[in-house]
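Join the two chains, each given in its own frame, into one complex according to the hints.
If you're matching them up, the sequences are chains A and B in order.
The working numbering applies: residue 1 is where the first sequence begins, and numbers increase by one.
The working numbering applies: residue 1 is where the second sequence begins, and numbers increase by one.
It is worth saying that the hints were derived from the structure and are not from the lab.
Beta carbons: idealized from backbone N, C-alpha and C, even for Gly.
Errors might be hidden in some of the hints.
One-sided and incomplete, this derived list gives chain A residues near chain B with beta-carbon spacing under 8 Å [stated by the list, open to error]:
{"no.": "1", "residue": "K164"}
{"no.": "2", "residue": "P167"}
{"no.": "3", "residue": "D169"}
{"no.": "4", "residue": "E172"}
{"no.": "5", "residue": "R175"}
{"no.": "6", "residue": "M176"}
{"no.": "7", "residue": "D177"}
{"no.": "8", "residue": "G178"}
{"no.": "9", "residue": "G182"}
{"no.": "10", "residue": "V188"}
{"no.": "11", "residue": "L189"}
{"no.": "12", "residue": "P191"}
{"no.": "13", "residue": "M192"}
Here is how the chains run, residue by residue.
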Amino acid sequence: MARKVTTTSVAVSTAGAWLVGFLIFFPILWMVLTSFKTELEAFATPPSFLFFHWTTENYATVQERSDYVHHALNSIIIAGGSTLIALLIAIPAAWSMAFSPTKRTKDILLWMLSTKMMPPVGVLVPIYLIYRNFGLLDTRAGLIFILCLGNLPIVIWMLFTYFKEIPKDILEAARMDGATVGRELIYVLTPMAIPGLASTMLLNLILAWNEAFWTLNLSTLDAAPLTTFIASYSSPEGLFWAKLSAASTLAVAPILIVGWFSQKQLVRGLTFGAVK
Amino acid sequence: MGRITLEGVQKSFGPVDIIKGADLDIPDGAFVVFVGPSGCGKTTLLRLIAGLEDVSGGKILIDGKNVVDVPPAKRGLSMVFQSYALYPHMSVRGNIAFGLKMAGLPKDEINRKVEAAAATLNLTPYLDRKPRELSGGQRQRVAIGRAIVREPKAFLFDEPLSNLDAALRVQMRLEVTRLQKQLATTAIYVTHDQVEAMTMADKIVVLSAGKIEQYGSPLELYERPANLFVAGFIGSPKMNLISGDTATGYGAATIGVRPEHLKVDADGKGWPGKVIIAEHLGSDTFLYVDAGPLGTLTVRGAGEIGVKTGDQIALVPDPNRIYRFDTNGNAIFA
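Isolated chain B (complex conformation) (with noise of 0.2 Å):
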C-alpha cells in the first residue's frame, strides 16, 4: 500500500516561503507527476515526503501515518535521483544491494532479490561492473533498481531523465511508465518537461511559484485548465491568451485559444493577420501570425495546409474551445 497524502504542508528557508500549504491526495498505485517551472518548489515538496527536509508546518500522512518525525529510510519510500548519486567505490551489485544490507537481510535473500530486479532491468550482464564503466542510460537503470530492491511504498523520481539524451530519454520514459505499471507501486515523479509530466503521468500537479495551482488527469488539464498558470503551462505550442475588446465580447477578462484550435479562414472571414514565420513539418505547420491588436498568434495545423511566410490570412477559433478567464486569472466554466 502506497497512499500519500498532504495536508497544509508548509515549507519556509529563513524568511522565504518554498511552499505555501500544499493539500493533496495520492492514491495508492497512482503514478503522479509534479510539473511547474524552476523555482515553484517541485523537487523540495518530493524531498519533504522523502524525509530530506524538514516540514515546517503540516502534515505528511503515508497509509493514514503521520511521517513528519520519522527518518527518511524509516518512510518506506525510495528515490531516485537527478544524478543519479550511485556509489562509485561499489559494483553495480553493491550498489544495489546496499539497502537491503542496511537493512539487515540475510545474504541469500539479498543476492536473490539483486538478481531479480537486475533480470528486469537487463543489468545482469554489468553486475560486476563500477557505476563509471557504464553508459548514462545504465547508471539510470542501477539508480532505479536501487529503487525497486527495496519493495517500497512508493517511488519518487527527482528529474531523473534530464540527464539524458533526447533519444535515451523517450526509451527509458517507456521503460519507467511500463515498470510502475508492472510494479503496481505509488510513483511521485518531478519534471519541468511538460511532455514527460503528459505522457507518463494518471494525474498531474501543476506547481507554481510555491502553490498548487491544479491536481488532475493530463486531458483534465488539457481540456479544462483552472487558471491562466495552467492555461499558459500545459500544451505545446502555448495556448495564445487574448485580452482587450475581442475578451470582453466573450464576457471574460482574457480568452485562450490553443493553436490547433485556430483554423485558416479560406473565405477571409475572422481575426486578420500576417503569417511572420511558417514551420513546415510535413505531419504539422506552425505559423506565427502578427494579428495586430490581437498580439502575436501561434496556429497548429494538421498536416500541409498551404500557407506561407508574408501571406495575409484569416484565423477563426473553434467557438467550443475558446477558454475564458476572470480578472484574477481563474477560469470561467459556463
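Only chain A is shown next, with the shape it has when bound in the complex (with noise of 0.2 Å):
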C-alpha cells in the first residue's frame, strides 16, 4: 500500500524542516547579529536578539585595522588558484582511473584517500621546515601549492565517481559514429560532465577559502587570506566579539553569496555517488 500523505504530515514535517534548518543557521544568524552590537552589548547576559542600539561600528572599525580587500584577494586568488590547478591534475587523472582502470586502480584511489587520514598537524614541524628552507613562507604560491594537494584526493574521488556513471556504451556509441577521441571529448564526454566538473568545483573552492590550519599556520600578512583575517580579530583578552563577528561576516559573505547562487550543483556535490 502506498503511503498516505496527509495535509497534517506535510505541515509537521515542514515545519520540522524549517526547524532544524533554523537550528542550523543560527549560529551564522547569530554571529551577524552579534557584528552590529556595541562589545558591550555583544557580551551581556541576557543577550539581547533584536531589541539592541544598532551600529555599524565594528564594520568601520574592521576597515580602519586590516585591509580586507588585500585579504579577499588573498583568499580568492589561493582557493581560485589550487582548486584550479588541482582540476587541471585531477580530470585525467579521473578520466583514465574510470575508462582505463587497471588491477591497481582500486589500491591507487584508496592510498590517495589515506593521505586525508593523517592529521595535518602530524606534518606541521617537516612542512613548516620546507617551506621556510624554500622560501614559501607566507607566499600564495605556497597555499595554493599545499590546499592543492590536501584537496586533490577528494577531487579525484568525485570527478572519478562521476566519470563513472558515464555509460561506457555511449563512449563506444560514439566511436560507432565516427568520432575521434578528441571529438568524443567535445561533443559527447564533457557536455555529460559538466554538472559533475561544476559541483566538485564549487565545493572544492568553499574547502579552500574555509580551510584554516595550513593558512594559519604557514602565512602572516602578505598572502595571508581571510581566515588569517579572523583570526587576528580574537584575542586573550579585553572585549573582541563584535568586532570578531565583523570580520567574520564579512569573510564568509562571498562564500554564503557563492553557495547560494548554485545550491543545486552544491547538493549534487555533496551527496555524490548516493544518488543517481
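Here you go:
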C-alpha cells in the first residue's frame, strides 16, 4: 500500500524541516546580529536578540585596522588557484582511472584517500621547515600548493565517481558514429560531465576558502587570506566579540553568496555517488 | 553491399578463450541472429565484428576486405545497443545526425537524411525532444534511426529489445524485421531469446561456450539439429532427451523427441507414465509426465486433449520425428 500523505503530516514535516534549518543557520544569524552590536551588548547576559542599539562601528573599525580587500583578494587567488590546479591534475587522472582501469586502480584510489586520514598537524613541523628553506612561507604560491595537494584526493574521487556514471556504451556509440578521441571529448564526454565538474569545483572552492590550519600556520600578512584576517581579531583578553563577528561576517559573505546561487550543484556535489 | 565473412576468429581475455575459432559466411542482405545462453560469447563476437574489441586471431572480411586493423567507424557498420546508448544531452535530431556530422556531411543533406529516417520510424513529432522525454519504445526507435541514417553495410543489434515490455517487444520485433527487409541491408542480431531468433532470422548461429554449434535457417535447426546442444536449445518447450536402453533400441546413445511429437495413446500402448501437472491453455495443453526410467517427459498437445493431473497415460513418439545422437552428442542422420 502506498503511504498516505495527509495535509497534517505535510505541515508537521515542513515545520520540522524549518526548525532544523533554523537551528543549523542560527550560529550564522547570531554572528551577523552580534556584528551590529556594541562590544558591551555583544557580551551582555542575558543577550538581547533584536532590541539593541544597532551600529556599524565594528565594520568601520575592522576596515580601519586591517585591509579587508587585501585578504579577500588573497582568499580568491588561493582558493581559485588551488581549485584550478587541482582540477587540471584530477581530470586526466580520474578520466584514465574511470575509463581504462587497471588492477591497481582501486588501490591507488584508496591510497590517495588514506592521505586524508592523517591529521595535518602531524606533518606541520617538516612542512614548515621545507617551506622556510624554500622561501615559501607567507607566499600565495606556497598556500596554493599545499591546499591543492590537500584537496586533490577528494577532487579525484569526486570526478572519478562522476565519470564512472557515464555509461561506456555511449562512448562506444560515439566511436561507432565515427567520432575521434578529440571529438568524443568535445561533443559527448565534456557536455555529460559538466554538472559533475561544476559541483566538484564549487565544493573544492569552499573547502579551500575555509581551510584554516595551513593558512594560519604558513602565512602572516602578505599572503594571509580571510581566515587569518578573522583570527587576528581574536585575542586572549579584552572585548572583541563584536569586531570578531564583523570580521567573520565579511569573510564568509562572498562564499555564502556563491553557495546560495549554486545550491543545486552543491547538493549534488555533497551527495556525490549516493543518488543517481 | 554487406557480405561479412569470419575466418578462424579467436578472442581471449588473458588466459580465458571467449571465442574459440569462429568461421562464418553471412551473405549480403541476410538477417542473421546469434543466439545462445548468457556467457556463450555472442555479444563478444558481435563486438569483434563492430571493432569495439580487437581479435586475438583470425580474419574478419567485409565485402572481401580484411578489417581487423580498421577502426570501428571506418568499417561502415552501425550498431544498436542494448541500453540504446543515446546521447542524453542531445535532441533526437542531434542523436540521429551525430554520425553524419562526424562524417562532415553538408548541413542540408544531414537535415534531409535525418528527416527521412525520422519519418520511416514515426519519430517526426519528437525530433526536438531529449531522450529522457521519450518512452522506451521511442528511445529504441531513435537508436535504430541513428543506425539507419548512416546507410551502413550492415546493422549490428546487441539484444536491442530486452529492455522493453513483452507487448512492445513483439511490436518492435515486427518493425525491425520489416525495416530490415525494406532496406535490404545485412543485419546481425544478438539475442538470448530463441523465439526472437526463430521469428526474425533468415539464418541462425547457435553459440555455446565460444563455439559455433550450428549455422542454418530456423527450420533447419528445428528439423535437423546438429547436436544435443542445438536440439535442447531450439524449440519450446525443450526437446525430451532419453538415454539408456530405450535409446539403445533406436541405435543411439541418446534420443530426442520434441514435446509436440509425443501423442497420448488412447489404447494405453506406449511409454507408461503419470501426469504430474497438466496445463490447459486452450490452444495447447502441456503435460509433464513422470515416465519412470525415462525421466520426466514434456508433452504438447494441440487444443484440449482431455487429460488431467494424476491420470495414468501412455505416450507414443512420432516415429519419423525421433532424433538420434551418438555418445559425443552429435546427431546421427539416417
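A quick look at each hint next to the structure:
With a least beta-carbon distance of about 15 Å to chain B, the hint placing K164 (chain A) at the interface is violated under the 8 Å criterion. Against a cut-off of 8 Å between C-beta atoms, the interface hint on P167 (chain A) holds, since the closest Cβ of chain B lies about 6 Å away. The beta carbon of D169 (chain A) comes within 4 Å of a beta carbon in chain B, closer than 8 Å, and the hint placing it at the interface holds. Nearest Cβ of chain B to the Cβ of E172 (chain A): about 5 Å, under the 8 Å cut. The hint holds.
At its closest, the beta carbon of R175 (chain A) sits 5 Å from a beta carbon of chain B; the interface hint therefore holds under the 8 Å criterion. Interface restraint check for M176 (chain A): the shortest CB-CB distance to chain B comes to about 5 Å, inside 8 Å, so the restraint holds. Taken as an interface hint, D177 (chain A) checks out: its beta carbon lies about 4 Å from the nearest beta carbon of chain B, inside 8 Å. At about 3 Å, the closest approach between the beta carbon of G178 (chain A) and any beta carbon in chain B falls short of 8 Å, and the interface hint on this residue holds.
Interface restraint check: G182 (chain A) against chain B, minimum CB-CB distance 11 Å, threshold 8 Å, status violated. Checking V188 (chain A) against chain B: minimum C-beta separation of about 6 Å stays under 8 Å; hint holds. Residue-level restraint check for L189 (chain A) is violated (minimum Cβ-Cβ distance to chain B is 10 Å; threshold 8 Å). This hint holds: P191 (chain A) has a C-beta 5 Å from the nearest C-beta of chain B, less than the 8 Å allowed.
With 8 Å as the threshold, the beta carbon of M192 (chain A) comes within range of chain B, its nearest partner Cβ sitting at about 6 Å, so the hint holds.
Consistency with the previously given hints fails for numbers 1, 9, 11, ordered from lowest to highest.
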